[in-house]
Amino acid sequence: MRNKKNMKKRIAVGILLCLMTGILSGCHGSKGSKAFEMPESFDTSRQYEITFWAKNDTNKTQTDIYRKAIDDFQALYPNITVNLRLYTDYSKIFNDVITNISTGTTPNVCITYPDHIATYLTGANTVVPLDRLFADAKYGLGGSELRFDGPTQAEIIPKFLEECDFDGAHYAIPYMRSTEACYVNTDLVEALGYEMPEHLTWDFVWEVSEAAMAKNPDGTYVANGQEVMIPFIYKSSDNMMITMLRQLDAGYSTPEGAIEIFNDTTTEQLLTIASHAQTGAFSTFKISGYPGNFLNAGQCIFAVDSTAGATWMGSAAPHADISEDKFVEFHMAVTEVPQFDPEHPKMISQGPSVCIFNKKDPQEVLASWLFAQFLLTDGVQIAYSETEGYVPVTSKAQLTPEYQDYLSRSGEDTEDHYEAKIQAAQLLLDNVENSFVTPVFNGSASLRSAASQLVEDVTKSVRRKQTIDRTYIEGKLYDDVTALYRLDQLGSSYSGQKEDLGPLPTESKVLIGMLLGVWILLAFFFVKEHMKKSAK
Amino acid sequence: MKKLISMVLTGAMVLALAGCGQSGSGADVNAKSEGVMTYAEYAAAPLDSEVTVETYVQGKQSWWDGKGTFYTQDGEGGYFLYEMPCSEEDYNKLTQGTKIKVKGYKSEWSGEVEIIDSTFEIEEGNYVAPAKDVTALLGKDELINSQNMFVSFKGMTVESIGDGAAYLYKWDGSGEDGDDLYFNVSKDGQTYQFTVESYLTGAGTAVYEAVKALNVGDTVDMEGFLYWYEGVNPHITSITVK
Numbered sequence: 001m002r003n004k005k006n007m008k009k010r011i012a013v014g015i016l017l018c019l020m021t022g023i024l025s026g027c028h029g030s031k032g033s034k035a036f037e038m039p040e041s042f043d044t045s046r047q048y049e050i051t052f053w054a055k056n057d058t059n060k061t062q063t064d065i066y067r068k069a070i071d072d073f074q075a076l077y078p079n080i081t082v083n084l085r086l087y088t089d090y091s092k093i094f095n096d097v098i099t100n101i102s103t104g105t106t107p108n109v110c111i112t113y114p115d116h117i118a119t120y121l122t123g124a125n126t127v128v129p130l131d132r133l134f135a136d137a138k139y140g141l142g143g144s145e146l147r148f149d150g151p152t153q154a155e156i157i158p159k160f161l162e163e164c165d166f167d168g169a170h171y172a173i174p175y176m177r178s179t180e181a182c183y184v185n186t187d188l189v190e191a192l193g194y195e196m197p198e199h200l201t202w203d204f205v206w207e208v209s210e211a212a213m214a215k216n217p218d219g220t221y222v223a224n225g226q227e228v229m230i231p232f233i234y235k236s237s238d239n240m241m242i243t244m245l246r247q248l249d250a251g252y253s254t255p256e257g258a259i260e261i262f263n264d265t266t267t268e269q270l271l272t273i274a275s276h277a278q279t280g281a282f283s284t285f286k287i288s289g290y291p292g293n294f295l296n297a298g299q300c301i302f303a304v305d306s307t308a309g310a311t312w313m314g315s316a317a318p319h320a321d322i323s324e325d326k327f328v329e330f331h332m333a334v335t336e337v338p339q340f341d342p343e344h345p346k347m348i349s350q351g352p353s354v355c356i357f358n359k360k361d362p363q364e365v366l367a368s369w370l371f372a373q374f375l376l377t378d379g380v381q382i383a384y385s386e387t388e389g390y391v392p393v394t395s396k397a398q399l400t401p402e403y404q405d406y407l408s409r410s411g412e413d414t415e416d417h418y419e420a421k422i423q424a425a426q427l428l429l430d431n432v433e434n435s436f437v438t439p440v441f442n443g444s445a446s447l448r449s450a451a452s453q454l455v456e457d458v459t460k461s462v463r464r465k466q467t468i469d470r471t472y473i474e475g476k477l478y479d480d481v482t483a484l485y486r487l488d489q490l491g492s493s494y495s496g497q498k499e500d501l502g503p504l505p506t507e508s509k510v511l512i513g514m515l516l517g518v519w520i521l522l523a524f525f526f527v528k529e530h531m532k533k534s535a536k
Numbered sequence: 537m538k539k540l541i542s543m544v545l546t547g548a549m550v551l552a553l554a555g556c557g558q559s560g561s562g563a564d565v566n567a568k569s570e571g572v573m574t575y576a577e578y579a580a581a582p583l584d585s586e587v588t589v590e591t592y593v594q595g596k597q598s599w600w601d602g603k604g605t606f607y608t609q610d611g612e613g614g615y616f617l618y619e620m621p622c623s624e625e626d627y628n629k630l631t632q633g634t635k636i637k638v639k640g641y642k643s644e645w646s647g648e649v650e651i652i653d654s655t656f657e658i659e660e661g662n663y664v665a666p667a668k669d670v671t672a673l674l675g676k677d678e679l680i681n682s683q684n685m686f687v688s689f690k691g692m693t694v695e696s697i698g699d700g701a702a703y704l705y706k707w708d709g710s711g712e713d714g715d716d717l718y719f720n721v722s723k724d725g726q727t728y729q730f731t732v733e734s735y736l737t738g739a740g741t742a743v744y745e746a747v748k749a750l751n752v753g754d755t756v757d758m759e760g761f762l763y764w765y766e767g768v769n770p771h772i773t774s775i776t777v778k
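Chains as they are written, first to last, in our numbering: chain A, 1 to 536; chain B, 537 to 778.
Quick caveat, the hints were computed from the structure, so don't treat them as lab data.
Be a bit skeptical, because a hint or two may be false.
Claimed, not checked - Partial chain B-side listing against chain A, Cβ under 8 Å, derived: (1) Asp584; (2) Lys637; (3) Tyr641; (4) Trp645; (5) Ser646; (6) Gly700; (7) Tyr703; (8) Asp708; (9) Gly709; (10) Ser710; (11) Glu712; (12) Glu766.
Stated by the list, open to error - To give a feel for the contact side, a few chain A residues facing chain B, derived at Cβ under 8 Å: (13) Asn56; (14) Ile322; (15) Arg464; (16) Thr467.
Unchecked claim - Computed beta-carbon distance windows for the label pairs: (17) B:Lys748 <-> A:Arg470: 37 to 43 Å; (18) A:Arg470 <-> B:Asp653: 19 to 25 Å; (19) B:Asn681 <-> A:Thr99: 39 to 45 Å; (20) B:Pro582 <-> A:Leu84: 46 to 52 Å; (21) A:Val432 <-> B:Ser774: 51 to 57 Å; (22) A:Glu412 <-> B:Gly714: 37 to 43 Å; (23) A:Thr81 <-> B:Asn681: 33 to 39 Å; (24) A:Thr99 <-> B:Ala576: 43 to 49 Å; (25) A:Leu521 <-> B:Gly714: 55 to 61 Å; (26) A:Glu433 <-> B:Asn681: 50 to 56 Å; (27) B:Ala701 <-> A:Arg486: 43 to 49 Å.
For glycine and all other residues, C-beta sits at the position ideal for the given N, C-alpha and C.
Chain A on its own, in the form it takes in the complex (with noise of 0.2 Å):
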């Protein structure tokens, strides 16, 4: 079983957190560390302590990796010891590196998302800009000085390199990426009459979940003849949101952090859900449950969820949250999400990437970022990678004949070589240039939150038979969802770049005036007192 009920409330937790983007924002362009100098060179003659706050999926075989990881590296640098701090949902990170900026007690290397970084970046250096150690000729990416084989920048995915730029440096290394993959019951498909498409669209998606919805007179499904069907359930409703605007082109935000969500385009998609939710073909994670359960129950036809959670899909899946009596045999195609321009495909890139924080030590960021290139050393990558459907973030080591023989040993086996979990990977090795990231500013986290605020709250009203129509949208949960997540007062974007306030208003001025005739006063008199004394 994965988080249970607690993922849901974990999830309550980033929604909070988001809005302590704007609390952070206070302190924004407050004295903070002194900026991060490389070192000359490495002092091996100290002991370093640093430690790790990483991320698994509920996952004993990825915390496994982590531990091996951290054995491996400790062998090579004995003067290093690694502290490894687990956690399973990076709101919770994010909660605790905010709580630990203000009393300085920050990880040295943290799993984290560029989203979170961003409000990280509020404090003044407190996160490393990475390019200068990216391209030390001794102990950056590919160094001379190196007690590994690690890759070399050219080697990393640039598309996933990128997703670590904003603020004009690079503040992470990307660890793990993975998409959305909607995991199709086909049988279900065929039996309502239709023929699964090459490529997923949503009209194709509604109308065989509109079609799924008949009933037998005993009140059981058609489709199913159980007395549960959810025909799509989406997992990650900001992602639905999200992917919905970019394939159609439609506002999101700038790069800048203006927001552009409430739009015409948002407005019409959120009708189309809605329509969909009232007859039942349609709903979310937080509103029913794991897709991964229903689907499996034959519940459910069009799951979409993460790549990264393939092994918890299908008849033969490795993990599974429902006992074997509730699993029904079927047929699944791993296909991409569903699109609007199946000739253009967009899909959401996400994935853990990894920062590194700033410490008043050089030596000890340096052991830190030893330890951050470390996890992408083919070892690493190749082994967490192999634990769901995630792909490894460099070249390197997707080209290993280890990782190619993973790759074409599909199906082997229901374990290791999963098949779905393969699907899910291929899926997005050959889609890397069809996927995309939303602008990282201080705040994106928060407007994803009200991303996914919308398509839950449409979904759920619509449920409780209130009426959902452009008025109540634009004229009220607009509003509503603005006010919820303080998006009217987000600031503009980085720590380097200050919003103009305007002028002084006049009681500060005067203020200021008069703190500076005190000043002026006392120096006065300390010069007059200073002659005074001297003249004795």
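Here the structure of chain A is known, so what remains is to put chain B in place on it, guided by the hints.
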């Protein structure tokens, strides 16, 4: 004749007591104010409909962000109140037995029926539910009728949850001290997974530490709330090794 009369009277008293389920203040815990549903009406209400219930707090998960999650029940059934908005001050007032009137929406998440998006008001009254022994109902369809109630399980055997371990941190052992504990217990050849929910009874509580001290093969009696997640998944609040 006297014997017969006394038996009749005694029987009548027992039935009367069992029927109403007395609260600490002597009031009928199943009596409802005007406009409030009985448990039967609540159970029959469709999902996503608005419901109003009167119920008594039996347990609560930790307060967070202006919300609390509560295990509540009256004399007839349980009501799980998920993330009910409340101030920390009110949360502290909602101690075991406190009567509240709750208005919200009936919802279901992975099999767990709950009330969400709710508001509440504290009322006069107090009731601490006795644990209902549902051991004999394990594996039977009727068990779901006791969902969310405070229940007990008697004489169950601790089974290995993997590699001979009596418990795991998180479902697969990927967690650490302080995370939810999972353990398997069996009765009549059937094994069930039980949980120590860390937001309800976290590290340092008696039940959390007691589960960490379990050994495979131990026979245990347990009490807790009959939570549901894709099937029965009790949140245990006490455990006794026999």
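_To test your reading of the hints: which numbers does this structure violate?_
2, 6, 7, 16, 17 and 23
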